[in-house]
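Colleague: Residues per chain, in single letters:
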Amino acid sequence: MSEINYKPSSAIGRWFDERLPLLTLFNGHLMQYPTPKNLNYWWTFGGILTFCLITQIITGIVLAMHYTAHADLAFSSVEHIMRDVNYGWLIRYIHANGASMFFLAVYIHIFRALFYGSYKSPREVIWILGILIYILMMAAAFMGYVLPWGQMSFWGATVITNLFSAIPLVGESVTQWLWGGYSVDNPTLTRFFSLHYLIPFLILGLVVLHIWALHVPGNNNPIGIDLKKDGSDTVSFHPYIVIKDLFALVIFMIVFAGFVFYAPNVLGHSDNYIPADPLVTPAHIVPEWYLLPFYAILRSVPDKLGGVVLMFGAIFILIALPWLDTSKVRSAIFRPIYRQFFWLLVLDVFVLGYMGAMPAEGTYLLIGRIATIYYFAHFLVVMPLLGFLEKTKPIPLSIADPIISGSGNFAAARKDKSAV
Amino acid sequence: MNKKSDYKDKPTRREFIHIATTTVGVVGVGCVALPLVTQMNPDASVKALAKVEVDVSRISKGNEVTVMWRGKPIFIRRRTDQEINKARNVSLKDLKDPQKDEDRVKKGKDEWLIMVGVCTHLGCVPLKQQGEFGGWFCPCHGSHYDISGRIRKGPAPVNMEIPNYEFVSDSKLIIG
Chain A
34 MSEINYKPSS AIGRWFDERL PLLTLFNGHL MQYPTPKNLN YWWTFGGILT
84 FCLITQIITG IVLAMHYTAH ADLAFSSVEH IMRDVNYGWL IRYIHANGAS
134 MFFLAVYIHI FRALFYGSYK SPREVIWILG ILIYILMMAA AFMGYVLPWG
184 QMSFWGATVI TNLFSAIPLV GESVTQWLWG GYSVDNPTLT RFFSLHYLIP
234 FLILGLVVLH IWALHVPGNN NPIGIDLKKD GSDTVSFHPY IVIKDLFALV
284 IFMIVFAGFV FYAPNVLGHS DNYIPADPLV TPAHIVPEWY LLPFYAILRS
334 VPDKLGGVVL MFGAIFILIA LPWLDTSKVR SAIFRPIYRQ FFWLLVLDVF
384 VLGYMGAMPA EGTYLLIGRI ATIYYFAHFL VVMPLLGFLE KTKPIPLSIA
434 DPIISGSGNF AAARKDKSAV
Chain B
21 MNKKSDYKDK PTRREFIHIA TTTVGVVGVG CVALPLVTQM NPDASVKALA
71 KVEVDVSRIS KGNEVTVMWR GKPIFIRRRT DQEINKARNV SLKDLKDPQK
121 DEDRVKKGKD EWLIMVGVCT HLGCVPLKQQ GEFGGWFCPC HGSHYDISGR
171 IRKGPAPVNM EIPNYEFVSD SKLIIG
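For the protein sequence lines, the chains are A and B, in the order given.
The numbering of the first sequence is this note's numbering, which starts it at 34 and goes up by one.
The numbering of the second sequence is this note's numbering, which starts it at 21 and goes up by one.
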């Protein structure tokens with residue numbers, strides 16, 4: 034982008050840009066930024082996720098104006114928001130369903146990266162930053178779910194913080210430190226509120242780094258090849274990608290609004306409309322839907338420490354993915370075997386999610402265990418081996434190549450590639 | 021630079037200043053971090069609630085009451101002779117966390133089982149008189165406890181905790 038010679042059109046713009054080149058920055062990254070011309074709709078979720086983050090921050094700031102972070106008052110202050118505050122019901126439903134929409138979009142975004150090999154060299158750092166954002170998202174969502182101080186809030190917080198008691202030797206001190214007491218209580222609620230307010234801004238910072246790291250090598254694309262240097266494979270970000278992203282965003286907002294206006298509680302749990310009671314555990318504790326696969330992994334291990342280690346391992350293993358995948362070919366379009374395993378992984382995650390929502394016994398437990406084994410085998414066995422065993426399809430020379438010359442050029446392209 | 025090689029084993033003044041400055045800096049950061057980290061530990065007002073007093077005279081045999089202590093439920097169960105016998109006839113080999121029933125009650129007060137009613141797996145409150153061993157059953161992740169509160173089946177690693185407690189008289193119990 035350094036070759037772009039940009040000058041703001043207005044005199045004030047030029048005066049300001051010479052002193053702080055913000056306009057040059059925006060022009061380079063949001064206007065002229067060269068984007069592969071074959072990006073499909075799976076690539077619109079980055080923009081959708083940015084929208085989700087901004088929505089959560091704005092609605093969250095507004096909710097904090099009416100919410101009271103105290104164990105005796107939190108539940109009724111949420112009811113106050115729902116009944117008394119002007120449009121409080123709307124703002125809270127957007128915030129609560131917004132969390133689910135955020136995770137829906139991030140899962141599509143992650144699986145898109147898995148299918149098209151977007152995590153591979155030279156994009157490892159983008160991927161790792163993305164996983165860190167995902168981990169922070171889970172922390173923020175968990176703490177946010179605690180704030181209404183309903184039964185699921187309280188017992189979800191109890192179960193999740195108790196995960197840390199599995200740490201040998203210091204487990205109990207760590208959990209008491211997290212609680213600020215001997216059980217989940219008011220000190221826990223106030224610190225969760227503080228951190229819940231902080232984390233979105235940390236995410237925002239990581240998003241800036243994520244985009245910065247993305248704009249160094251540029252976007253991956255559906256056929257996963259490096260772009261030609263002459264710019265014939267790219268279009269400018271504005272207006273081409275901006276308009277496409279906006280169109281996808283509008284479709285996404287329709288789904289979002291569908292939940293907010295027609296089924297605002299369908300993704301939540303009715304037990305959370307009962308005030309927290311430390312003496313009564315709900316008969317069936319389940320986390321929010323987006324955490325169910327990890328919950329299933331936790332429960333599939335009959336040992337406490339083992340379950341906790343495997344659950345966190347299932348998340349952190351993703352960080353090592355760029356090095357676990359030994360194949361040089363990025364896109365699954367040219368990887369006939371990997372493509373089948375990819376869909377098996379998608380199915381596996383859905384199965385884990387379903388098992389996480391079911392009671393941990395009998396057949397459910399057995400299926401959950403098999404699905405857990407496959408989850409780890411996919412990353413630790415299948416991905417490293419496929420790089421050596423799989424016969425990939427010929428890769429086109431450029432994005433323009435297969436469209437203009439037809440498949441006849443594939444062989445030549447491949448020959449050319451191996452010569453390099 | 022030549023001078024440096026002459027005194028190979030001796031640190032230079034510059035190296036000394038680097039190490040000294042870094043050390044002081046690290047200690048300083050540690051001192052600042054300490055209050056910021058420990059402020060999250062249980063505070064004085066939480067610790068002040070460390071004891072509760074219970075009148076147990078109205079609990080009849082085979083019954084159980086639950087009181088709150090440190091934000092957690094405490095099960096106070098006055099066990100029947102049958103229940104005590106059942107708890108004592110279990111072989112230690114059958115237990116995941118071997119402990120005699122005698123060691124879980126006060127001597128001479130064998131009928132009183134007083135324990136923290138929190139599942140040692142992930143902190144749920146077990147349900148009384150349920151499960152396969154006639155004791156407690158945790159609905160969250162399926163841990164079964166016997167009538168002595170010992171873990172028999174399921175993911176919980178250890179028996180339910182016995183708090184510090186004392187009978188100051190036949191009817192008065194102090195927990196904590």
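Calculated directly from the structure, the hints in this document are not laboratory data.
For clarity, every value in this text was computed on a predicted model and none was experimentally measured.
Cβ coordinates follow ideal geometry from the N, Cα and C atoms, glycine included.
Any given hint could turn out to be false.
A few chain A residues facing chain B, derived, Cβ under 7 Å [what the hints assert, rightly or not]:
#, residue
1, 312
2, 393
3, 396
Listed next, the stretches of chain B that the computed footprint assigns to chain A, with coverage defined by at least 3 CB atoms under 8 Å from CB atoms of chain A [unchecked claim]:
#, stretch
4, 58–67
5, 83–97
6, 152–161
A short list of chain A residues far from chain B (calculated; beta carbon distances all over 12 Å) [unchecked claim]:
#, residue
7, 39
8, 40
9, 64
10, 188
11, 193
12, 211
13, 212
14, 217
15, 257
16, 262
17, 331
18, 341
19, 347
20, 383
Colleague: Now tell me, hint by hint, if it's right for this structure.
Modeller: Quick rundown of the hints versus the structure:
Interface restraint check for residue 312 of chain A: the shortest CB-CB distance to chain B comes to about 5 Å, inside 7 Å, so the restraint holds. A hinted interface residue such as residue 393 of chain A counts as satisfied when its beta carbon comes closer than 7 Å to some beta carbon of chain B; here the least separation is about 6 Å, so the hint holds. A distance limit of 7 Å between C-beta atoms decides the matter here; for residue 396 of chain A the minimum to chain B is near 14 Å, and the interface restraint is violated. Evaluation of the coverage hint for the stretch 58–67 of chain B: fulfilled, as 5 residues show C-beta separations to chain A shorter than 8 Å, against a requirement of three.
Figure legend: the stretch 83–97 of chain B, annotated as covered by chain A; annotation consistent (6 residues with Cβ-Cβ distances under 8 Å, at least 3 required). With 4 residues bearing a CB less than 8 Å from a CB of chain A, the stretch 152–161 of chain B meets the requirement of three and the coverage assertion stands. Here residue 39 of chain A stays apart from chain B, with its beta-carbon at least about 43 Å from theirs, past the 12 Å limit. The beta carbon of residue 40 of chain A sits about 45 Å from the closest Cβ of chain B, which is more than 12 Å, so the claim that it is off the interface holds.
The beta carbon of residue 64 of chain A sits about 43 Å from the closest Cβ of chain B, which is more than 12 Å, so the claim that it is off the interface holds. At the 12 Å boundary, the C-beta of residue 188 of chain A falls inside the reach of chain B, the nearest C-beta of that chain being 7 Å off. Its closest Cβ contact with chain B, about 8 Å, brings residue 193 of chain A to no more than 12 Å, contrary to its assignment away from the interface. The claim that residue 211 of chain A is not at the interface with chain B is violated, since a C-beta of that chain comes within 12 Å of its own (minimum 7 Å).
For residue 212 of chain A, the requirement that its beta carbon stay farther than 12 Å from each beta carbon of chain B is not met, with the minimum near 8 Å. Listed as a non-interface residue, residue 217 of chain A fails to keep its Cβ farther than 12 Å from every Cβ of chain B; the least gap is roughly 7 Å. Separation of residue 257 of chain A from chain B is adequate, the least Cβ-Cβ distance of about 42 Å exceeding the 12 Å criterion. Chain B leaves residue 262 of chain A outside its interface by the beta-carbon criterion, the shortest separation being 45 Å against a cut-off of 12 Å.
The Cβ of residue 331 of chain A sits about 9 Å from the closest Cβ of chain B, inside the 12 Å cut-off, so the non-interface label is violated. Separation of residue 341 of chain A from chain B is inadequate, the least Cβ-Cβ distance of about 9 Å not exceeding the 12 Å criterion. Separation of residue 347 of chain A from chain B is adequate, the least Cβ-Cβ distance of about 17 Å exceeding the 12 Å criterion. The Cβ of residue 383 of chain A lies farther than 12 Å from every Cβ of chain B, with a closest approach of about 22 Å, so its non-interface assignment holds.
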